[in-house]
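S.K.: One letter stands for each residue in the lines below.
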Amino acid sequence: DAKTTQPPSMDCAEGRAANLPCNHSTISGNEYVYWYRQIHSQGPQYIIHGLKNNETNEMASLIITEDRKSSTLILPHATLRDTAVYYCIVRVAYSGGGADGLTFGKGTHLIIQP
Amino acid sequence: NAGVTQTPKFRVLKTGQSMTLLCAQDMNHEYMYWYRQDPGMGLRLIHYSVGEGTTAKGEVPDGYNVSRLKKQNFLLGLESAAPSQTSVYFCASSYSVAAPTGGRETQYFGPGTRLLVL
Chain H
1 DAKTTQPPSM DCAEGRAANL PCNHSTISGN EYVYWYRQIH SQGPQYIIHG
51 LKNNETNEMA SLIITEDRKS STLILPHATL RDTAVYYCIV RVAYSGGGAD
101 GLTFGKGTHL IIQP
Chain D
1 NAGVTQTPKF RVLKTGQSMT LLCAQDMNHE YMYWYRQDPG MGLRLIHYSV
51 GEGTTAKGEV PDGYNVSRLK KQNFLLGLES AAPSQTSVYF CASSYSVAAP
101 TGGRETQYFG PGTRLLVL
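Protein chains in written order, with my numbering: chain H, 1 to 114; chain D, 1 to 118.
Hints in this document: simulated from the structure, not taken from any laboratory. Keep in mind the model is a prediction, meaning the values are calculated, not measured. Backbone N, C-alpha and C fix where the C-beta goes; we use that ideal spot for every residue, glycine too.
Have a look at the derived ranges for each label pair, beta carbon to beta carbon:
{"no.": "1", "chain 1": "H", "residue 1": "58", "chain 2": "D", "residue 2": "15", "range": "42 to 48 Å"}
{"no.": "2", "chain 1": "D", "residue 1": "10", "chain 2": "H", "residue 2": "81", "range": "21 to 27 Å"}
{"no.": "3", "chain 1": "H", "residue 1": "13", "chain 2": "D", "residue 2": "57", "range": "43 to 49 Å"}
{"no.": "4", "chain 1": "H", "residue 1": "56", "chain 2": "D", "residue 2": "28", "range": "22 to 28 Å"}
{"no.": "5", "chain 1": "D", "residue 1": "96", "chain 2": "H", "residue 2": "69", "range": "26 to 32 Å"}
{"no.": "6", "chain 1": "H", "residue 1": "105", "chain 2": "D", "residue 2": "26", "range": "29 to 35 Å"}
{"no.": "7", "chain 1": "H", "residue 1": "54", "chain 2": "D", "residue 2": "1", "range": "25 to 31 Å"}
{"no.": "8", "chain 1": "H", "residue 1": "56", "chain 2": "D", "residue 2": "18", "range": "45 to 51 Å"}
{"no.": "9", "chain 1": "D", "residue 1": "69", "chain 2": "H", "residue 2": "8", "range": "41 to 47 Å"}
{"no.": "10", "chain 1": "D", "residue 1": "69", "chain 2": "H", "residue 2": "105", "range": "32 to 38 Å"}
{"no.": "11", "chain 1": "D", "residue 1": "69", "chain 2": "H", "residue 2": "11", "range": "45 to 51 Å"}
{"no.": "12", "chain 1": "D", "residue 1": "71", "chain 2": "H", "residue 2": "57", "range": "22 to 28 Å"}
{"no.": "13", "chain 1": "D", "residue 1": "16", "chain 2": "H", "residue 2": "8", "range": "38 to 44 Å"}
{"no.": "14", "chain 1": "D", "residue 1": "18", "chain 2": "H", "residue 2": "10", "range": "40 to 46 Å"}
Only pairs whose alpha carbons sit at most 27 Å apart, straight line, appear in this in silico DSSO-like list of lysine-lysine:
{"no.": "15", "chain 1": "H", "residue 1": "3", "chain 2": "H", "residue 2": "52"}
{"no.": "16", "chain 1": "D", "residue 1": "57", "chain 2": "H", "residue 2": "106"}
{"no.": "17", "chain 1": "D", "residue 1": "57", "chain 2": "D", "residue 2": "70"}
{"no.": "18", "chain 1": "D", "residue 1": "57", "chain 2": "H", "residue 2": "3"}
{"no.": "19", "chain 1": "D", "residue 1": "70", "chain 2": "D", "residue 2": "9"}
{"no.": "20", "chain 1": "D", "residue 1": "9", "chain 2": "H", "residue 2": "106"}
{"no.": "21", "chain 1": "H", "residue 1": "52", "chain 2": "H", "residue 2": "106"}
{"no.": "22", "chain 1": "D", "residue 1": "71", "chain 2": "D", "residue 2": "9"}
{"no.": "23", "chain 1": "H", "residue 1": "3", "chain 2": "H", "residue 2": "106"}
Model the full structure from these sequences, guided by the hints.
M.R.: Listed below in structure tokens is the structure:
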């Protein structure tokens with residue numbers, strides 16, 4: 001799986017868009033970009049994933065650069081409840097008979113300021 | 001839907017005691033997982049199951065056993081608890097199909113069980 005680099009922390013004002021970057025310059029053609037977050041003392045929460053096209057769901061938007069070497073997770077209107085550690089994971093979608101655990105790096109601690 | 005639930009939420013054990021952690025999911029997922037998370041560290045996979053009646057070892061399986069007698073339930077057992085097993089335990093579940101519909105990488109986690117072994 002490709003290595004990812006994220007800033008250790010970011011601040012964002014409540015109500016503004018939070019843009020979280022992730023660098024994955026060694027990504028290969030069959031690797032997807034997944035985003036999860038972990039709010040303090042809770043289980044990780046899946047947010048969104050994509051291969052090469054931009055994606056949007058009810059939680060966030062994912063923008064992947066044309067060369068796929070970086071991506072940005074966008075929370076359009078951040079609230080205090082969005083304060084969490086956000087993880088960018090790049091990996092091949094498993095297609096074999098077994099399974100593999102998710103590997104979370106250090107992520108970005110996003111702090112939403114009132 | 002309740003999603004993924006875990007019981008108990010918190011437990012204190014003495015060294016050598018045994019206990020079972022229960023995970024239940026109502027999303028009809030084929031795959032289920034048990035992770036542990038220690039302070040300042042990422043998640044580590046203990047065991048997983050690809051379907052009812054099947055289990056497999058993950059990254060850190062020693063000291064744990066699991067069972068999947070029903071599709072919706074995945075049990076994690078500690079036969080003789082040790083202080084090194086003090087941790088937060090998370091259960092997760094996922095579909096088995098590959099992406100782009102999500103697949104095994106789109107995992108849904110429970111709220112966690114905090115275990116303290118004295």
